[in-house]
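There are 2 protein chains.
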Amino acid sequence: MPDFQAWTTRILKRTEGALEDLLPPASVAPERLHAAMRYAVLGGGKRVRPLLVHAAGEVCGASPDALDAAACAVELIHAYSLVHDDMPCMDDDVLRRGKPTIHIQFDEATALLAGDALQTLAFHSLSRPALLADSAVQAAMIHDLALAAGSRGMAGGQAIDLASVGRQLDRSELEFMHIHKTGALIRCAVMLGARCGAPLDRDEIDRLDRFGKLVGLLFQVVDDILDADGDTATLGKTAGKDAAHDKPTYVSLLGLARSRAYAGELLDEAVGEIAPLPASGRLADLARFVVHRRF
Amino acid sequence: MPDFQAWTTRILKRTEGALEDLLPPASVAPERLHAAMRYAVLGGGKRVRPLLVHAAGEVCGASPDALDAAACAVELIHAYSLVHDDMPCMDDDVLRRGKPTIHIQFDEATALLAGDALQTLAFHSLSRPALLADSAVQAAMIHDLALAAGSRGMAGGQAIDLASVGRQLDRSELEFMHIHKTGALIRCAVMLGARCGAPLDRDEIDRLDRFGKLVGLLFQVVDDILDADGDTATLGKTAGKDAAHDKPTYVSLLGLARSRAYAGELLDEAVGEIAPLPASGRLADLARFVVHRRF
Numbered sequence: 002m003p004d005f006q007a008w009t010t011r012i013l014k015r016t017e018g019a020l021e022d023l024l025p026p027a028s029v030a031p032e033r034l035h036a037a038m039r040y041a042v043l044g045g046g047k048r049v050r051p052l053l054v055h056a057a058g059e060v061c062g063a064s065p066d067a068l069d070a071a072a073c074a075v076e077l078i079h080a081y082s083l084v085h086d087d088m089p090c091m092d093d094d095v096l097r098r099g100k101p102t103i104h105i106q107f108d109e110a111t112a113l114l115a116g117d118a119l120q121t122l123a124f125h126s127l128s129r130p131a132l133l134a135d136s137a138v139q140a141a142m143i144h145d146l147a148l149a150a151g152s153r154g155m156a157g158g159q160a161i162d163l164a165s166v167g168r169q170l171d172r173s174e175l176e177f178m179h180i181h182k183t184g185a186l187i188r189c190a191v192m193l194g195a196r197c198g199a200p201l202d203r204d205e206i207d208r209l210d211r212f213g214k215l216v217g218l219l220f221q222v223v224d225d226i227l228d229a230d231g232d233t234a235t236l237g238k239t240a241g242k243d244a245a246h247d248k249p250t251y252v253s254l255l256g257l258a259r260s261r262a263y264a265g266e267l268l269d270e271a272v273g274e275i276a277p278l279p280a281s282g283r284l285a286d287l288a289r290f291v292v293h294r295r296f
Numbered sequence: 002m003p004d005f006q007a008w009t010t011r012i013l014k015r016t017e018g019a020l021e022d023l024l025p026p027a028s029v030a031p032e033r034l035h036a037a038m039r040y041a042v043l044g045g046g047k048r049v050r051p052l053l054v055h056a057a058g059e060v061c062g063a064s065p066d067a068l069d070a071a072a073c074a075v076e077l078i079h080a081y082s083l084v085h086d087d088m089p090c091m092d093d094d095v096l097r098r099g100k101p102t103i104h105i106q107f108d109e110a111t112a113l114l115a116g117d118a119l120q121t122l123a124f125h126s127l128s129r130p131a132l133l134a135d136s137a138v139q140a141a142m143i144h145d146l147a148l149a150a151g152s153r154g155m156a157g158g159q160a161i162d163l164a165s166v167g168r169q170l171d172r173s174e175l176e177f178m179h180i181h182k183t184g185a186l187i188r189c190a191v192m193l194g195a196r197c198g199a200p201l202d203r204d205e206i207d208r209l210d211r212f213g214k215l216v217g218l219l220f221q222v223v224d225d226i227l228d229a230d231g232d233t234a235t236l237g238k239t240a241g242k243d244a245a246h247d248k249p250t251y252v253s254l255l256g257l258a259r260s261r262a263y264a265g266e267l268l269d270e271a272v273g274e275i276a277p278l279p280a281s282g283r284l285a286d287l288a289r290f291v292v293h294r295r296f
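Which chain is which? The protein sequence lines are A and B, in order. Converting from the first sequence to this note's numbering requires adding 1 to each position, the first position being numbered 1. Converting from the second sequence to this note's numbering requires adding 1 to each position, the first position being numbered 1.
In short, the hints are calculated from the structure, not lab data. Quantities reported herein were computed from a predicted structural model and do not represent experimental measurements. The beta-carbon is built from N, C-alpha and C at its ideal position, and this holds for glycine as well. Incorrect hints may appear among the rest.
Unchecked claim - Residues from chain A that face chain B, not an exhaustive set, calculated with beta carbons under 7 Å:
#1 A19
#2 L23
#3 P25
#4 C90
#5 F107
#6 A160
#7 L163
#8 L257
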């Protein structure tokens, strides 16, 4: 997929530029906080959520500028969640994207505040004046992001995850956790991109929503496989930490082979959902990329 | 001021009801997170920011429903900042509003996530569909709140505060810190209320903005006086903790008598700013209430 690779490179570059512009310079007071925010966000990460925003934007012919703002918003929510997730009272991890985590590189208080301010910056990005011609759609997008990120979405998923350590979850409980913890924001990335352009009809929106939900699960299954299978150097984070923390994963529940088969099924279903939509090839490529990124 | 007291009681009651409705029930999963969020927000707090939102709304004849959503948004940002501020890596406090702080009553991870989710819920509240007839104004209000809460506002002020522990600040540095840490959100409360009704002209907006800035400072000066002067029982939080943490305050810089005189000057100036505005009596009463609440 040479075209997909060129597209990915282009979107990653513009996302990096948009994040760079949005994050206050480290020379502006409070300097240490701004340095920590930039350290947490720039120069790393797969940027799967921004890629999903832009790919979904192709379906509705969205303006690239609006997509940048939405892409930054979801990526900043994701980045803040990683900063807080790595803190000693949560996962207590020292390595992320091959670099020391924020509370190691800076200090715990700065990590806490940097995470807080990154979340705020996400809403700052999405509430930019004149983002879209229709401000009511913009307000609805902000509402969607808040729902996806909050206690009934991502933050709630982290709480469920915490409560599950050391417990034996069944498959539906594990799925419930992941639908919140990673699924809600990935699904939201697709829906935000899909709202930045010409209005879609109900069936199109439903298909994209189901696609987002499936890709969210797919992403987690693949993550569990990589965590069980990979090593710290390729992952850029501490490998095998789920098992070490006695956390339930798809691999611990289904085994490696059945987890791989499940990933394949989710991929087929996701791609099938969007097949009838115009200009959905990029989304399908992206779903395949999520699966094949490292195995 | 019997009328002011009746008004305050009425606004506090409706704010409590609006917060109650907005916060997910503790019976909804994740239960522990929702219980912590409710514990952090309900049944306590002076609700100065919601009162400011509603008082500013009187100047522009705003709809009470829109004011409730804005009032909840600023109060939730305030509440989240207290939860995180009390954590061991920040102020490490065990008492707030006369009750154990969240990380004591629950645990540190739950405090972290509850604070995170309360911030998200603030933006959820302010992005409610059809909050105002003009969605562009709504988006602008969300943008204002994000600016006031983020690294160039409240979160930035907390970072400056952290960096100042043990250092001797001069008056302008102290003011710079407070303008961010508490001032930005108080000012934002006034401006959010002022945008929920009929559009105001430039001079009116500027007067309200200066009023908000002055009341923000006033609030901090009074807080420093109470911290130095009060006892733990009346404050509902650990008294004298600023001195114990070697934190710079107006009292440590100016002494108690000059701090009181400064509060008086700020009050006169604030009330003078809004005197020409119609229906601004409530805001003036509220500024007086901030000063006289406990001394």
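So, going through the hints one by one against the coordinates:
At a threshold of 7 Å, the smallest CB-CB gap from A/A19 to chain B is about 16 Å, leaving the interface hint violated. At a threshold of 7 Å, the smallest CB-CB gap from A/L23 to chain B is about 11 Å, leaving the interface hint violated. Checking A/P25 against chain B by beta carbon gives a least distance of about 6 Å; that is within 7 Å, so the hint holds. With 7 Å as the threshold, the beta carbon of A/C90 comes within range of chain B, its nearest partner Cβ sitting at about 4 Å, so the hint holds.
Evaluation of the A/F107 hint against chain B yields a violated restraint, the C-beta minimum of about 10 Å exceeding 7 Å. This hint holds: A/A160 has a C-beta 4 Å from the nearest C-beta of chain B, less than the 7 Å allowed. The beta carbon of A/L163 comes within 5 Å of a beta carbon in chain B, closer than 7 Å, and the hint placing it at the interface holds. Contact between A/L257 and chain B, as hinted, is not supported at the beta carbon level, the nearest pair being about 29 Å apart and thus beyond 7 Å.
The structure does not agree with the numbered hints 1, 2, 5 and 8 stated previously, though it agrees with the rest.
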